[in-house]
Amino acid sequence: MRPILLQGHTRSLTQIKYNPEGDLLFSVSKDHVVNAWYSHNGERLGTYNGHVGAIWTVDVNSTSTLLLTGSADNTAKLWEVETGNCLHTWEFKTAVKRVAFSEDDCMALFVTEQRMGFPGTVTIYSIANDVNAKQSDEPIMIIMPEGSKAMVSDWGYLNKYIIIGHENGSISQFDWKTGEKVKSIQPHTDVITDLQMSEDRTYFITSSKDKSAQIFESNTLVPLKKYITDAPLNSASITPIQEFVILGGGQDAMQVTTTTMRQGKFECRFWHKIFEEEVGRVKGHFGPINTIAVHSDGKSFSSGGEDGYVRVHHFDEEYFKFKYPEL
Amino acid sequence: MNFRSHLLIVIFELNATKSSWADEVGEEFDLPIETFTDENGIKTILEYKTNDDGKKVKVTRKIKKTLIKECVNKAVAERKKWAKFGDERGKKVGPDLSTTSIGEQIFLKLSSTGKHSELAEESDINKRKAALVGKKILCRICKSDHFTIQCPYKDTLQPLDELGKELEANKETAPASEPITAEASTGGKYIPPSMRAGAKPTTSDSYKERRDDATIRVTNLSEDTTENDIHDLFRRFGNISRVYLARDRETNACKGFAFVSFGHREDASKALQAINGYGYDNLILRVEWAK
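Chains as they are written, first to last, in full-length UniProt numbering: chain Z, 1 to 327; chain U, 1 to 291.
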């Protein structure tokens, strides 16, 4: 396959995300720019200009009309996907590290950084699902996780819970209506870098700097699968069609100059989701892979790296013919 | 509309540059562009023109149009029509080279080491071992606890007791061969082990047997020959079981010779007769039986 290289950023990528149909790809990076791309040919549809700090996170709603971004300029912005207009800005005390629309698009959670004496929070706002409507500035709930700060978060199925991944490697499940912690486990030993839901949100995958990725059931937080690699992981994603997970990472950017490229392990690793065995690798990035997203039809995936590139890969025919050897 | 006017300008310029008399003569032969469509819907365009060297060339272009229908989500189709915005505002449709490029070809080779089947195999071995616990297994070659057939030294050593018997036999025959060995030792002349008294000639025989007799050696190959070239060259003679192309360790270029093993000796001899003296890549190949 020949990947499409998207050169819309001048600094490292922080998150990329497909819309539900997968025809649009949104990428955010530390260079203050939000880009929207057509995923089939890599054409840039437009940019969303307005942030004045590094952008950490992006999410799009299920009808692809609204886009949320969270930035280190202590704001989160709501954009109209079609025109690039900023519809609303929420002000926070600290940087916004993660945003996520709820499954019904009526709410969104914002994970804020713990810094300058302010505690880290997970704040939930209601979202009016109309481009012209006025958005509320009154949060529904502010959760302040005790202990280790929240890094990543997403909604469980039917908006029952929110799941939070923490800096110390623990994962907790909160009832967002009461703001109480329901369950907590400590599966990783280092910071959790990514948390992506399966298509029906009944299970999710986490990646961690402790060089492993794990799949848990959303409801019970029972660990289902574990993938142990040889490099710190920054992102993990689940693929449709083939039963794979794609893991990305590599040594930290600050250590890159001290070693050769091959030692950096800057490859997307394909692991068999069920049998927990590595089945293939895709190389190409010159730095650690920061974020991975899979097209909802399972025929392509994208990776964004510390090198500032987004690479869109459309799988070859052989990919779909692969069968795991029978036992 | 735009495109057409552009074409006209090009033609005008061409005419303007044709000032030399030779070109004008050539123009006389210029035939009109012919187009016709056959029953399969393949459109053929025949064109005659003069190339840069002043030679007249016939250009045949065959075009087949296939309509591919793709069903997409209505919302997706709508989104494809969206106007560009932000930094892309007003730019034309299609990927812009400044932001989008195509990377190098990469391969995702999916493979499984069959970790699970391996595990199963391992447990199978363990099971068999467990079943044989209590029974005494002794390798005849190295005297450790596995079957003789599985001995790692099977090819290099012979069973210990056989060796012992052989030694005894040697002792018996020793007086007869003593003068020779004495002579050899006094002369200080080196005798290779295979030539020494008591050496078994069988080893060399088996070695010969292993060198399959359907192998030919091809020499005088050019530097940029590849395994595939050899395959292509010899495939027509029969089933090829192995191709070995000698390569330089550093440059990876062909060293000029290769070995080709066939499934049958007849195929090999056919290939030998046909390809020996065959011109290939400006060189004349030499083929002989591998020794």
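Errors might be hidden in some of the hints.
Unchecked claim - If you anchor each label on the Cβ, the simulated ranges turn out as follows: (1) U:T35 - Z:E277: 54 to 64 Å; (2) U:A75 - Z:P119: 36 to 46 Å; (3) Z:D200 - U:S241: 30 to 40 Å.
Said to hold, decoys possible - Listed next, the stretches of chain Z that the computed footprint assigns to chain U, with coverage defined by at least 3 CB atoms under 8 Å from CB atoms of chain U: (4) 39-48; (5) 82-94; (6) 121-134; (7) 316-324.
Said to hold, decoys possible - Restricting the straight-line Cα-Cα distance to at most 30 Å, the calculated cross-link-like pairs of lysine-lysine (DSS-like) are: (8) U:K43 - Z:K30; (9) Z:K30 - U:K80; (10) Z:K299 - U:K291; (11) Z:K273 - U:K109; (12) Z:K283 - Z:K181; (13) U:K109 - Z:K321; (14) U:K291 - Z:K283; (15) Z:K209 - Z:K181; (16) Z:K134 - Z:K177.
Everything labelled a hint here was simulated from the structure, so no lab data went into it.
If you're wondering where the values come from, they're calculated on a predicted model, not measured in any experiment.
Where is the CB? At the ideal position from N, CA and C, for every residue including glycine.
Structure-based check of all given hints:
1. U:T35 - Z:E277: 54 to 64 Å: holds, 58 Å
2. U:A75 - Z:P119: 36 to 46 Å: Given about 40 Å between the Cβ atoms, the range holds.
3. Z:D200 - U:S241: 30 to 40 Å: Distance hint for Z:D200, U:S241 is violated at roughly 52 Å.
4. 39-48: With 8 residues close enough to chain U, the hint holds.
5. 82-94: Held - the segment 82-94 of chain Z has 3 residues with a Cβ nearer than 8 Å to chain U, which meets the minimum of three.
6. 121-134: That given contact is violated, which follows from only 0 residues of the segment 121-134 of chain Z lying within Cβ reach (below 8 Å) of chain U.
7. 316-324: Contact hint for the segment 316-324 of chain Z vs chain U: holds, 5 residues under 8 Å.
8. U:K43 - Z:K30: violated, 53 Å
9. Z:K30 - U:K80: Holds - the C-alpha atoms of U:K80 and Z:K30 are around 28 Å apart, at most 30 Å.
10. Z:K299 - U:K291: Roughly 53 Å between the alpha carbons, so the hint for Z:K299 and U:K291 is violated.
11. Z:K273 - U:K109: Measuring from Cα to Cα gives roughly 17 Å; hence the hint holds.
12. Z:K283 - Z:K181: The given pair, whose Cα atoms are some 40 Å apart, is violated under the 30 Å limit.
13. U:K109 - Z:K321: Holds, because 12 Å separates the two Cα atoms, which is no more than 30 Å.
14. U:K291 - Z:K283: violated, 45 Å
15. Z:K209 - Z:K181: holds, 24 Å
16. Z:K134 - Z:K177: holds, 23 Å
Figure legend: structure checked against the earlier numbered hints; hints not met, in rising order: 3, 6, 8, 10, 12 and 14.
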